[in-house]
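A.B. asks: Below, each chain spelled out in residue letters.
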Amino acid sequence: MARMTMIEAIRDAHAVAMGKDPDVVVMGEDVGYFGGVFRCTADLQKTFGVERCFDTPISELGIIGTAVGMAAYGLKPCVEIQFADYMYPAYDQIVSEAARLRYRSAGEFTCPMVVRMPTGGGIFGAQTHSQSPEALFTHVAGLKTVVPSNPQDTKGLLLASIADPDPVIFLEPKRLYNGPFDGHFDRPSKSWNKHDLGEVAPGYYEVPLGKANVVREGSAATLITYGTMVHVALAAVEESDVDVEVIDLRTLLPLDLETLVASVTKTGRCIVLHEATLTSGYGAEITSLIQAECFYSLEAPVLRVAGWDTPYPHAQEWDYFPGPARVKRAITTVMEA
Amino acid sequence: MARMTMIEAIRDAHAVAMGKDPDVVVMGEDVGYFGGVFRCTADLQKTFGVERCFDTPISELGIIGTAVGMAAYGLKPCVEIQFADYMYPAYDQIVSEAARLRYRSAGEFTCPMVVRMPTGGGIFGAQTHSQSPEALFTHVAGLKTVVPSNPQDTKGLLLASIADPDPVIFLEPKRLYNGPFDGHFDRPSKSWNKHDLGEVAPGYYEVPLGKANVVREGSAATLITYGTMVHVALAAVEESDVDVEVIDLRTLLPLDLETLVASVTKTGRCIVLHEATLTSGYGAEITSLIQAECFYSLEAPVLRVAGWDTPYPHAQEWDYFPGPARVKRAITTVMEA
Amino acid sequence: MFKERTPRLHVPEPELRPGDEPDFSHVDIPLAGAVRRPDPGENPEEMRDLAFSIIRVLNRKGQAVGPWADTLSGGELLEGLRHMMTLRAYDTRMMTAQRQGKSSFYMQHLGEEAISCSFHKALRKGDMNFPTYRQAGLLIASGYPMVKMMCQVYSNDGDPVRGRQLPVFYSSKEHGFFSISGNLATQYVQAVGWAMAAAIKGERKLSAAWIGDGSTAESDFHGALVFASTYKPPVILNIVNNQWAISTFQGIARGGAGTFAARAHGFGLPALRVDGNDYLAVHAAAQWAVERARRDLGPTLIEYVTYRAGGHSTSDDPAAYRPKEEGNAWPLGDPILRLKAHLIHKGLWSEERHTQAEAEIMDAVTAAQKEAEAIGTLHSGNRPSPRDMFEDVYAEMPPHLVRQRHEVGY
Amino acid sequence: MFKERTPRLHVPEPELRPGDEPDFSHVDIPLAGAVRRPDPGENPEEMRDLAFSIIRVLNRKGQAVGPWADTLSGGELLEGLRHMMTLRAYDTRMMTAQRQGKSSFYMQHLGEEAISCSFHKALRKGDMNFPTYRQAGLLIASGYPMVKMMCQVYSNDGDPVRGRQLPVFYSSKEHGFFSISGNLATQYVQAVGWAMAAAIKGERKLSAAWIGDGSTAESDFHGALVFASTYKPPVILNIVNNQWAISTFQGIARGGAGTFAARAHGFGLPALRVDGNDYLAVHAAAQWAVERARRDLGPTLIEYVTYRAGGHSTSDDPAAYRPKEEGNAWPLGDPILRLKAHLIHKGLWSEERHTQAEAEIMDAVTAAQKEAEAIGTLHSGNRPSPRDMFEDVYAEMPPHLVRQRHEVGY
Ligand SMILES: Cc1ncc(C[n+]2csc(CCOP(=O)(O)OP(=O)(O)O)c2C)c(N)n1
Ligand SMILES: Cc1ncc(C[n+]2csc(CCOP(=O)(O)OP(=O)(O)O)c2C)c(N)n1
Ligand SMILES: [Mg+2]
Ligand SMILES: [Mg+2]
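Top line first, the protein sequences correspond to chains E, G, P and R.
Going left to right, the first sequence walks through residues 1 to 337 as full-length UniProt numbering numbers them.
Going left to right, the second sequence walks through residues 1 to 337 as full-length UniProt numbering numbers them.
Going left to right, the third sequence walks through residues 1 to 410 as full-length UniProt numbering numbers them.
Going left to right, the fourth sequence walks through residues 1 to 410 as full-length UniProt numbering numbers them.
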């Protein structure tokens, strides 16, 4: 076991996958010689050669478009979009092409690829370096969407994503890259070095897609979340005196509905938490499913805590970010309902 | 009053708006000389000149991108995307630019424009001529999203959209272009000619954005829907013996939550119906809001009826389309719950 | 100082509209044989002239002339003629079938048969086309079973893509025909990626990207050129300039200046401009580009100059936006008649044999049609199952889709 | 027959990497004054050569020579020098402020000052720039209050965009500076739309689109050229080729062949290629393009050849991917020193006056900085209100946002 940041876990997963399978290729803006603006692909070019890990022109459309062709050929492209905020130029290639190729060719052509992109705010990145667009992927049939919350899961989920025969959107909460950020922006930042989940096993292992993780057991309410918000949730729960069960979805689609339903059936109360904009966010889907599946167990309406319905502001970042204070308020609300 | 199809109502709204305001310009693929593949802009070029209504290159990005510049200049572009399925190449310009220009410039630059696009299936258009991407717009702060269900509303909503100071996504259920389609694909098609709402007043009038319409009052359950599904819902309700209230949202965002809550509070049961793919569809947002606002009135979980989580198929179109049979089954389910 | 003028929006307009007399006298068409043929290995910067002319082989007398002639044997030409005639017969039958309500939609190739049929001859097994809806000739020329194509047109139970796609959006990996998308241009850049994969794997395969004149305006066209010029993989970038994009003429897509072929120059790539109605010229250009790819010299762009003689699709009536007889007036003629004339000139063919071949081909097409219709048509007979609707969204069906499938009763 | 070769992926690599000796001897730089100046009304097809050379005015001796010289008076040049020096001083202070934690982020212009400062001189009130983050010289040259710029850099309560944007993404309608997006290239096509609007309204205004070399790969670049070439509105399409895009060199964006300027040729548009470190050459080229726009002759593309001497942003360290001293080795020199030498050569300036001006400018910048810091910096002092976060999403706040604002307590 080695201690790793999330960045190192991503790099390690790449290295393991590329070592194992010569068809895995890595590309993206600045990912080659330089190793990525977040260093997630550092040294891969040196180790595997320029044909396995290379820089691309600044065209997200081109990156995904060529990756679709490569995947159809038989390679397994694992590409980086520099920030999720910049995936829109590639959205057509993702939605209309990657997601539907297997379907429209009745399985004759397929598109096994992983599209990695850093998401989320909390780094003073403002509206173009902070977005969490997961709901724009979960609405699209043919895509899988994964959001890890710690180095251990990151490596295993990324390896499982690379092994998957279909396109996987792999959203990396960049605020977690270097440490388990709990939303207390005004306290010293923590590092993965001192966190259990910073321990990453060497070699190949998978964390299966579609399996959620109960990261804290509890009996009074269920808090469903993913990515950065897992740590915010845990901090808020620790600071409250309510015994809240916290579930880390890990994979948004396919969704581990069973685990969610079991928990809410037990607790009777539910909060859904994410950083993305509230309206039509992925929380709406979770909420809809929970109210349908657990209607007779619910003692309070499912409560959504999410980013406001505005672009991500810069100076007001911490007013936007759904931090522990808002989550604690939500716990109180859902318990009092 | 004149009898009009929805296509004629769109054309009429354009003509009225262009006559009233010289800053309204219309552009899109095939919209100029030819008047649009659905004829929604027929004769506008002849009437208002080639500088007010013109053909564009086949670049949805270019259409929206230049429209953003025009709108910032002071014009009011009213553009057509030939099919909603082809809006993805323009999605970046819509989401990152049109929707956020006012915000990021603190109101110095604005983007009053209308983006019209035909949506929905039922015309054997398969996966690339059938989509209903409304949830991809309702998730984006800064956009308004409108879906009319009849010629009368279409004209008034389109005029209100053109008058709006912000970007409005105007989704036209193409299956309603020529008649009030109720989902009974195997019966003779009806025309607007014989429908009350085919009566369209001459001249300028607005149907305000953000106001839903209770199209059928009822006491046993509330069915919330929009676009083509309004007619499907009405047909299903007529064929069932349950007194269902049917609400046509007309505007998805801003949402007329008040009207919805009042209805569900009264009926205690709720179905949300749309043609778009279920998961992360707009129905999830409505469901989440209803369960939160009407929790103590609800006697059954809110039930979503929607397109399946697959691309829109061609041969199996009528197995995909959520027709009256599925809606009737849903009414039974929600009443028996 | 200069004299300032108030700016105007310059909206390009075709010279002729419905009611006008067709007139192509302004189109600059070089004589057959007039354009030089540089070595494919020559520096692209030294051959920019080729993007501003039209490579032609067949002259008015039916002779093959000039440096681009003689890439095909008599037997190959006879086969080519048969392919084009088959495609036209197929189109005719399917147009009629659509009008009879047996299919939802159809798109024909009238006047453009030479391009896909002849291009295919320059490829070999393992190469991959990324076609648009107007290159079914690639399938016909590759020997793909016509009954299967028809089953897709009829969306019946024999449809290889299980009723999921529009009629003409075929797919055949085995026949080097990538699944057609429906979203214009998206596959242009995918073809570049496919060729990059061949280069990464070091395998001797090439890809051919296809796009229409109007669709070059799409972003994917640019993405393709950027990536192609950066990594120089073995890809051929084909533009079929049939002068119309539904109701808009090519001026809307290129602003009335330059040629589509010249787009390559900004990327340092070589470009050819070819008579698309000349089976021999198409093949010669394709072969030249194929040689560049197989010598690892990188991508080539080819613009095929042709004319869309029919409507855009069965939903379109061109009489609404252009002169009726314009198709017949197009000076580069009918590709079938031109190859026929050449073969007759060569003594390999005759009017009688042509008439007989027409009848034979139509018989074969009709027989295939019967076979396909025996399975079903859009609204009758055996059709793909609703169960198929849920398959192939993913390799393995996730729980939520299983649930939905059960709801439908499968 | 030809000899087949297995294809390889050709990944362009810069010749030099960290540790290598900087060397630009392979760069073909024409002598100042050597490039011809056609009349702006000449047929674009007759001036393709201009996309493959570099227009230069200032020679090594500081003289202005050739047909592109003499577009500016001595007074204007002195003002230009002051603008560039001010921009550099501003950059220096803001870089330091960012390092001190007073701001989240900053991007400097080192070596590229001539381009935006000089271009602005060719415009007039009512014209609109659609800039990238590396054209703050447009604001400085237009007399925009520096304190306001700093307030945005500090995200304090004086920030004109209410703390919503990254530090350097300025916006000023009055100063012809369109709100910067953050998404690369998106504004290139918007500039074309703005110019189309001017043409539709028949108003004598033009727009200038700005993009970096790396960003030309984006789709919006293509969309801009397609629409510009189709409708020929009064727009100037600027490409700032500073040879780097974060860590990737220009070869990744253009595949090592052709020039960015040549991209215009595929669209029938004229293109100039200019020494971006030559204040006089930049102005002459800009003026030429402005003349075309004002005579309603349509768009012009200009590529400015320069070198990004600093890091990409405060988050970047170029020593990781290129030789350290490459900036100093760039043969086209420092734009400030070059204009200074010219003015001294002309007898309008001296070393002493320059030193004195430097001190004066730094004083003024420091004074502005004090004023801005008195309002606040990123983490201290007055900052925009959380209430501002909910404003301007729409003209009128819809009910759901009012609700959310109330939840925050405003
Ligand atoms: C992204 C996208 N936008 C618009 C359309 C609608 N559309 C289908 S074909 C067509 C015209 C294409 O013209 P061209 O590229 O010249 O090809 P041709 O039909 O002439 O072969 C249009 C606009 C589409 N299918 N996809
Ligand atoms: C759509 C998009 N993709 C990626 C980025 C990240 N990014 C910011 S600047 C930059 C490099 C731009 O290089 P260039 O266009 O040459 O401009 P320069 O910085 O050299 O002025 C990149 C990749 C972005 N901002 N937007
Ligand atoms: Mg065409
Ligand atoms: Mg650059």
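If you are wondering where the hints come from, they were derived from the structure by calculation, not from laboratory data.
Check each hint, because a few of them may be wrong.
Here are the simulated lysine-lysine pairs, DSS-like style, with alpha carbons at most 30 angstroms apart [to be verified]: (1) R:K125 - R:K3; (2) P:K61 - E:K20; (3) P:K324 - P:K3; (4) R:K370 - P:K3; (5) P:K370 - P:K61; (6) G:K194 - G:K211; (7) R:K3 - P:K201; (8) P:K3 - R:K324; (9) R:K173 - E:K46.
A.B. asks: Tell me the numbers of any earlier hints that the structure contravenes, in ascending order.
C.D. replies: 1, 2, 3, 4, 5, 8 and 9
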